[in-house]
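*Asks:* Protein chains in written order, with the working numbering: chain A, 1 to 102; chain B, 1001 to 1417.
No lab work stands behind these hints: they were computed from the structure. Where hints are given, some of them may not hold.
One-sided excerpt, in silico: chain B residues whose CB lies under 10 Å from chain A [as the list claims (entries may be wrong)]:
no.: 1; residue: P1049
no.: 2; residue: L1067
no.: 3; residue: S1072
no.: 4; residue: G1346
no.: 5; residue: T1350
no.: 6; residue: R1353
no.: 7; residue: A1384
no.: 8; residue: K1390
We treat Cβ as the ideally placed atom computed from N, Cα and C, and that holds for glycine.
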Amino acid sequence: MAKITFITSDNESTTLEATSGSVMQLAVDNGIAGIDGDCGGVCSCATCHVHVLPEHFKKIGEPSEIEKDMLELDDNVNEYSRLCCQIEVTNSIDGAVLRVAK
Amino acid sequence: MSESTKNKSCVVIGASHAGVNFAFSLRKEGWEGTITLFDKDPEIPYHRPPLSKAYLTTDGSIEDNWLKSLESYTKNDIILRLGIAVSSINRESKHIVIEDGTVQGYDKLVIATGARPIIPSIPGIESAQNLFSLRTAANVESIREALNKSKQKRVVIIGGGYIGLEIAASLKKLNAQVTVLEREERILARVTAPEMSQFFENLHAENNVIICTKKNVTSITNKEQLNTVICADNSSYKADIIIVGVGIHVNQEIAKEAGLTIKNGIVVNASCQTNDPAIYAIGDCTFHHNPHYDRNLRLESVQNAVEQAKIAAAAICDKNPTYAVIPWFWSDQYDIKLQMVGLATGYNETLYRDEQTEEGYKFSIWYFKDETLLAVDAVNNAKAYVIGTKFIKEGKKIDKSKLISTIDFKPANLLLE
Chain A
1 MAKITFITSD
11 NESTTLEATS
21 GSVMQLAVDN
31 GIAGIDGDCG
41 GVCSCATCHV
51 HVLPEHFKKI
61 GEPSEIEKDM
71 LELDDNVNEY
81 SRLCCQIEVT
91 NSIDGAVLRV
101 AK
Chain B
1001 MSESTKNKSC
1011 VVIGASHAGV
1021 NFAFSLRKEG
1031 WEGTITLFDK
1041 DPEIPYHRPP
1051 LSKAYLTTDG
1061 SIEDNWLKSL
1071 ESYTKNDIIL
1081 RLGIAVSSIN
1091 RESKHIVIED
1101 GTVQGYDKLV
1111 IATGARPIIP
1121 SIPGIESAQN
1131 LFSLRTAANV
1141 ESIREALNKS
1151 KQKRVVIIGG
1161 GYIGLEIAAS
1171 LKKLNAQVTV
1181 LEREERILAR
1191 VTAPEMSQFF
1201 ENLHAENNVI
1211 ICTKKNVTSI
1221 TNKEQLNTVI
1231 CADNSSYKAD
1241 IIIVGVGIHV
1251 NQEIAKEAGL
1261 TIKNGIVVNA
1271 SCQTNDPAIY
1281 AIGDCTFHHN
1291 PHYDRNLRLE
1301 SVQNAVEQAK
1311 IAAAAICDKN
1321 PTYAVIPWFW
1331 SDQYDIKLQM
1341 VGLATGYNET
1351 LYRDEQTEEG
1361 YKFSIWYFKD
1371 ETLLAVDAVN
1381 NAKAYVIGTK
1391 FIKEGKKIDK
1401 SKLISTIDFK
1411 PANLLLE
């Protein structure tokens, strides 16, 4: 079980619990504004961009090369950017806070 | 909104990418009335792109591919009426008629009926055994079941477009013997440059899929459960299973019968509105204007479905959205990820850029009309896809000689000075 907190661009904070699946799917199922996941989670559309809170970045981990490239589509990319379809929900990411990119 | 929508009713025909995204967007935009989605498919709405890719090869349930969880429909007060076909639209009294004859009134109607596979009128096709197309989850179940029952698993795929090739790659994973029959001189002829066709032909050959081009199927015979597919050049192919992927028909009949303007799809304006101000159309079934390419067209893509869904929702809630989409598409075959951006139609030059990596294929094809970049096809090369997208969107000119050089692959390095 992992608790994950999303903060949307209008500063609304939502904490959700899940045991499996992708972080994107969790966000979409719960209607988190700004996470669209149009491609269904295959790292093709860059519509699930989040900024991981710097202190949580280590447990979330670095993006893969293709993900890094895809993130460049977005002007708001920074060193803590991830596409959350590529983040698997596991116990090890419990407590993570993700800010939805604008 | 100028007036309350509390007592209003919005009806959506079609609950796939366009219809479902529209319903959720409409709620988000502040619509307070009812939202009812109709679809003749009985499944909870699901992602379609994985059907020919990952979903075909796994034992996973369709639930893993649902567009939205079941609770989210309840939470947003969106009514799903699945397994129900809509038979007609009455514009005068603003209602639709569903298959059992009951009527449902609407204040706003959204047509998101998509398309259906073409089953060509080849002699013998109606008596062929285990012949399928692939558009729905039920189609995938049928294909999987037929494949499981078949000993020799000889599959003939008619049509060498993306859908046919994705199915070929997926069925190969399931140990089928796959032959693809393409009518044109090369596969993907309608959608990509010859170099890309050649690449995919080689890729499938490496994976022991037989690709035959210039094969015009003229008849199908069936004897003792075994089909024979016969071509104009008298060649013939034995098939336990036949899959047809030769294109689609737009589901526009009810719109046409209702007197809506039809060209190559249901005609809509920049707000996705049809010639009836109370009726909108979105997704694969629409014929619309793309401002970037300044052309009227119809797009079969998830991106367009989702974008038009948002546009129609905003327009119905009296916002003034603008449609400004640069089309993108993707295809997964084996371990190849193809990403495409833009529309190549009208190109007069292609440039090929290879990243010279030792780990498999990584390249891109850039389509130009004179100095204008129209489109990019990128193989295992998200960077090329992203850079291409930026150049197309911003309309900046690329230095072609730099593009094909080994210079560090960054937008700033490729600008024409």
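*Asks:* Less than 10 Å between beta-carbons is the criterion; does G1346/B satisfy it with respect to chain A?
*Replies:* violated, 25 Å
*Asks:* Can we keep the P1049/B interface hint, with Cβ of chain A closer than 10 Å?
*Replies:* holds, 6 Å
*Asks:* Closer than 10 Å between Cβ atoms is the bar; does S1072/B clear it against chain A? Give me holds or violated.
*Replies:* For S1072/B, the interface hint holds, since the closest Cβ of chain A sits about 6 Å away, which is under 10 Å.
*Asks:* Take the shortest C-beta to C-beta distance between L1067/B and chain A; is it under 10 Å?
*Replies:* holds, 8 Å
*Asks:* Mind checking the CB of R1353/B against every CB in chain A and telling me if the closest is under 10 Å?
*Replies:* violated, 14 Å
*Asks:* May I ask you to test the interface hint for K1390/B with respect to chain A, counting a Cβ-Cβ separation under 10 Å as satisfied?
*Replies:* holds, 8 Å
*Asks:* Can the hint on A1384/B be confirmed by a CB-to-CB distance to chain A that is less than 10 Å?
*Replies:* holds, 9 Å
*Asks:* Is the shortest C-beta separation between T1350/B and chain A less than 10 Å?
*Replies:* violated, 22 Å
Hints 4, 5, 6 from the list above are not met by this structure, while the remaining hints are.
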